[in-house]
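Start from the sequences and build out the full structure, keeping to the hints where you can.
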Amino acid sequence: MFNSYLYINGIANRMPLILKVFILAIATVGLYACDSEPPKLMKAVKQFESDEQRTAHIDNMRKNHKDLLRHKRDETVIKGIRTEEHSLNACINCHVPAKYNGKILRHSDPKHFCATCHSYVAAKPDCFQCHVDHPVSNTVAQAESNISKKIQTKTQSLMLDSMTQVNTNLLNENQLVINTTNDVSTAHKKTSNNDPVDVIGESRSE
Amino acid sequence: MSNIDSYRRKFISGLAGVAATATVAPGVFLRQAHAKAPDEPASDKVRWGILIDTNKLTDGGDACIAACKKEHGWGDEKHSNDAQKSQWIRKVTVTEKLTGHTVTLPVMCQHCETPPCVDVCPTGASMKRADGIVQVNKHICIGCRYCMMACPYKARSFVHEELQDQKQNTPRGKGTVESCNMCVTRVDAGKNPACVDAAPEALLFGDLKDPESKISKALKKYGGTQIRADLGLNTGVRYWGI
Chain A
23 MFNSYLYING
33 IANRMPLILK
43 VFILAIATVG
53 LYACDSEPPK
63 LMKAVKQFES
73 DEQRTAHIDN
83 MRKNHKDLLR
93 HKRDETVIKG
103 IRTEEHSLNA
113 CINCHVPAKY
123 NGKILRHSDP
133 KHFCATCHSY
143 VAAKPDCFQC
153 HVDHPVSNTV
163 AQAESNISKK
173 IQTKTQSLML
183 DSMTQVNTNL
193 LNENQLVINT
203 TNDVSTAHKK
213 TSNNDPVDVI
223 GESRSE
Chain B
195 MSNIDSYRRK
205 FISGLAGVAA
215 TATVAPGVFL
225 RQAHAKAPDE
235 PASDKVRWGI
245 LIDTNKLTDG
255 GDACIAACKK
265 EHGWGDEKHS
275 NDAQKSQWIR
285 KVTVTEKLTG
295 HTVTLPVMCQ
305 HCETPPCVDV
315 CPTGASMKRA
325 DGIVQVNKHI
335 CIGCRYCMMA
345 CPYKARSFVH
355 EELQDQKQNT
365 PRGKGTVESC
375 NMCVTRVDAG
385 KNPACVDAAP
395 EALLFGDLKD
405 PESKISKALK
415 KYGGTQIRAD
425 LGLNTGVRYW
435 GI
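From first to last, the protein sequence lines stand for chains A and B.
Take 23 as the starting number for the first sequence in the numbering used here and just add one per residue.
Take 195 as the starting number for the second sequence in the numbering used here and just add one per residue.
Read the hints as simulated data drawn from the structure, not as lab findings.
For each residue, glycine too, the CB sits at the ideal point set by N, CA and C.
Some hints could be false.
[As the list claims (entries may be wrong)] One-sided excerpt, in silico: chain B residues whose CB lies under 7 Å from chain A:
1) Asp233
2) Ser237
3) Asp382
Written out as structure tokens, the structure is:
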């Protein structure tokens, strides 16, 4: 039977040394060109407590975010399952700042969390033709009300990349948002605890 | 009916009752749980409906329309003309020719049990949820507008222009059809639809399948008119005073 390993080995044995070096050099240059840096992403508002969790999240999302979002969108629209996990709104509320340099950060801006990679690989997401591309204040208050101070301090120590200065500004802004909107979130909880039936009952008891 | 038959019927209906209570988790009775858990799918054990008393709607539904606009963000399309602009809920004034009696009523998606818009949709985007809410799954809507033609209530609109800054709970976009979805995110969170909260004296929201709900009791006692009842669509939105 034809054995490809022996065949290639045979060619390599008969090849002049200069040719071997040349092929190796071409391959090395080629591989070096492939090894480009992925674009730097904006820091998320909420950070994981451990680096392992963070790494696992990044690995999972880099590969699977499209499938997870697609699965979740059907679950939500058709079945009405509205958990935060894999919800586009939850992604946006955590990864996109409410304001960036005093302006709303649109998905058309390459600094937008989603646009950073998508413009790099020239893949256009359709999400934002219908979905809002930045957090909206009252939903942000809800999402962020759970962030503990512990995670917030951990965030600062995790800032390793070159965007540290920008991110610190962002974080401070976000902390301000959290501080000011805490009252809103508790107020929201109070209203949502009301039994809707009681409201109707009062109005229709006459 | 023979004694055996009536015995059998009682036995079977008793069994059905047992089955209905057994499907619910221990200690949790579906009828009393008005807010479903976020991870719980919509159930066909409920059917949401709205009862509108037009006699008590002193403004003819203006407050409801304003609340709907605020909740879902429709109606401020900048480049669309009046015929193109979205309208999830509208005021309709009807005058009887003989008596001259005029009634104003808010009309939106009537959330039919057998919706014509779902029948005609080529992609399955126009859909009815298990709990009876009729809505558009915009992810698969191709904007063909068959549903707009099929709807006898003119409840659906088509988005003609690119939008931004939509509400987070109401994604809306160019090239898709949209309509009243009975504030599906609010309902899932155990709240009333926005229009019902805007005019609580005239609108009643509840479960039509639960005989103990306020809406079912009110409908049982006084009845409720369907618009175009002749079509036999068994609408989830009922009216008084028309």
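Against the structure, the hints come out as follows:
The criterion of a C-beta within 7 Å of any C-beta in chain A is met by Asp233 (chain B), whose closest approach is roughly 5 Å, and the hint holds. Interface hint at Ser237 (chain B): violated, since its Cβ lies 9 Å from the closest Cβ of chain A, which is beyond the 7 Å cut-off. The beta carbon of Asp382 (chain B) comes within 5 Å of a beta carbon in chain A, closer than 7 Å, and the hint placing it at the interface holds.
Checked against the numbered hints given earlier, this structure breaks only hint 2.
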